[in-house]
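Construct the entire structure; sequences and hints are all you get.
So the mapping is simple: our numbering equals the position in the sequence shown, first residue as 1, plus 4.
These are computed hints drawn from the structure, not numbers from a lab.
Be aware that one or more of the hints could be misleading.
[Stated by the list, open to error] 20 Å max Cα-Cα, derived SDA-like pairs, lysine to any residue:
1) Lys20 <-> Val239
2) Lys20 <-> Thr91
3) Lys20 <-> Gly247
4) Lys20 <-> Asp244
5) Lys20 <-> Trp31
6) Lys20 <-> Tyr234
7) Lys20 <-> Leu248
8) Lys20 <-> Pro241
9) Lys20 <-> Ser45
10) Lys20 <-> Gly153
11) Lys20 <-> Arg240
12) Lys20 <-> Glu246
13) Lys20 <-> Leu242
14) Lys20 <-> Ala250
[As the list claims (entries may be wrong)] Have a look at the derived ranges for each label pair, beta carbon to beta carbon:
15) Thr9 <-> Ala111: 53 to 59 Å
16) Lys20 <-> Asp260: 26 to 32 Å
17) Asp53 <-> Thr227: 20 to 26 Å
18) Asp282 <-> Leu230: 36 to 42 Å
19) Gly57 <-> Arg33: 37 to 43 Å
Beta carbons: idealized from backbone N, C-alpha and C, even for Gly.
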Amino acid sequence: MLAPTVLMGAVAYDPKVVTIWEGFRTWLRGRGLDFDFVLYSHYERQVEDLVAGRIDAAWNSPLAWLRAERLAAAHGTSVRALTMRDTDQDLTSVVVVRADSPVGQLAGLAGRVVAVGALDSPQATLIPLGHLAAAGVTVDVRRFDVGVGLHGDHIGGERDAARALVAGEVDAACMIDANHLAFVQEGTLPPEGTRIVAQTARYDHCNMTVRAPESDGVRLFGTLLLGMSYADPQVRPLLDLEGLTAWREGRTTGYDALADAVDASGFYSPDGRVTATDYRP
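Take a look at the structure:
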């Protein structure tokens, strides 16, 4: 007999999202959980539906987690991070210049043009700009708004920032460290053609956000996710698509830098309202 239905929200930033969660649904139902999912075009509506109780769980970006936490508190309830991927923990962003740039350290970027990703990208905009501001370095920001509302899941803006750096249109570009390597491998950045002049402190990325207290079904959902094995041939291709080798217990200790950047930029209000200028997901 299946446990009560657990309905999860996910943002459709790429067609593979359907493949991933259809496959996970089959696997979860095979282990006694009546699981289903709904897709959203952006994170803001997904967060609102989670807090309102229209869905039981949300596969959230770090920015969506912060809004869910604030919005829930404003409504007299709470949320928690149920699980996260092993690859969501201890990430960093980098500020990159061309190899022939005269800029040798962070302070040398003062007054120069720095390319960032979309307005709502934690890793390519909010966190690295917060890092620059904390160091007292004022720059001229050139933003590449691709996939606004997807919270940086669509890395088109991040990639366009890297292309602008190669083209000499900007003096530096911000990106997550893993994409710095990926952009070299795919040819967006030339091998040995860039240098890192700044690296942020470590932070965490996505998590499976649920309302507290959890139902029996949600608790089973978490247990089953944590029990997924990369050795299982049924789920291994899905784990590869989702970019992880194991699910971990959720934690919220890695969001301080993003929270500071959100407050400094006025992206969200303390009660979870969207207050960012020109933000239209």
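For each hint, the structure was consulted:
Using a Cα cut-off of 20 Å, the hinted pair Lys20 and Val239 holds, with the two alpha carbons roughly 14 Å apart. Taking the CA atoms of Lys20 and Thr91, the gap is near 18 Å; set against the 20 Å cutoff, the hint holds. Between Lys20 and Gly247 the alpha-carbon distance is near 11 Å, which keeps this suggested pair within the 20 Å criterion. With a C-alpha separation of about 11 Å, the suggested pairing of Lys20 with Asp244 holds against the 20 Å cut-off.
Simply put, Lys20 and Trp31 have alpha-carbon atoms about 17 Å apart, close enough for the 20 Å limit, and the pair holds. Restraint check for Lys20 and Tyr234: satisfied, since their Cα atoms lie roughly 19 Å apart, inside the 20 Å limit. The suggested pairing of Lys20 with Leu248 holds, with an alpha-carbon distance near 14 Å, which does not exceed 20 Å. Under the criterion of a C-alpha separation no larger than 20 Å, the hint pairing Lys20 with Pro241 is consistent with the structure, at around 11 Å.
With a C-alpha separation of about 14 Å, the suggested pair Lys20 and Ser45 falls inside the 20 Å cut-off, and the hint holds. Taken as a hint, the Lys20 and Gly153 pair is honoured in the structure, with Cα atoms around 18 Å apart against an allowance of 20 Å. Restraint check: the Cα-Cα separation between Lys20 and Arg240 comes to about 14 Å, which is no more than 20 Å; the hinted pair holds. As the CA atoms of Lys20 and Glu246 are separated by approximately 9 Å, the hinted pair is consistent with the 20 Å bound.
Proposed proximity of Lys20 and Leu242 is supported: the alpha carbons are some 9 Å apart, at most 20 Å. For the hint linking Lys20 to Ala250, the alpha-carbon distance of about 19 Å falls within 20 Å, and the restraint holds. Checked against the given bound of 53 to 59 Å, the beta carbons of Thr9 and Ala111, roughly 55 Å apart, stay inside it. The hint said 26 to 32 Å for the Cβ distance between Lys20 and Asp260, and at roughly 31 Å that hint holds.
At roughly 24 Å, the beta carbons of Asp53 and Thr227 sit within the given window of 20 to 26 Å. A C-beta distance of roughly 40 Å is found between Asp282 and Leu230, which places it inside the suggested range of 36 to 42 Å. Range check, Gly57 to Arg33: Cβ separation about 23 Å, and the 37 to 43 Å hint is violated.
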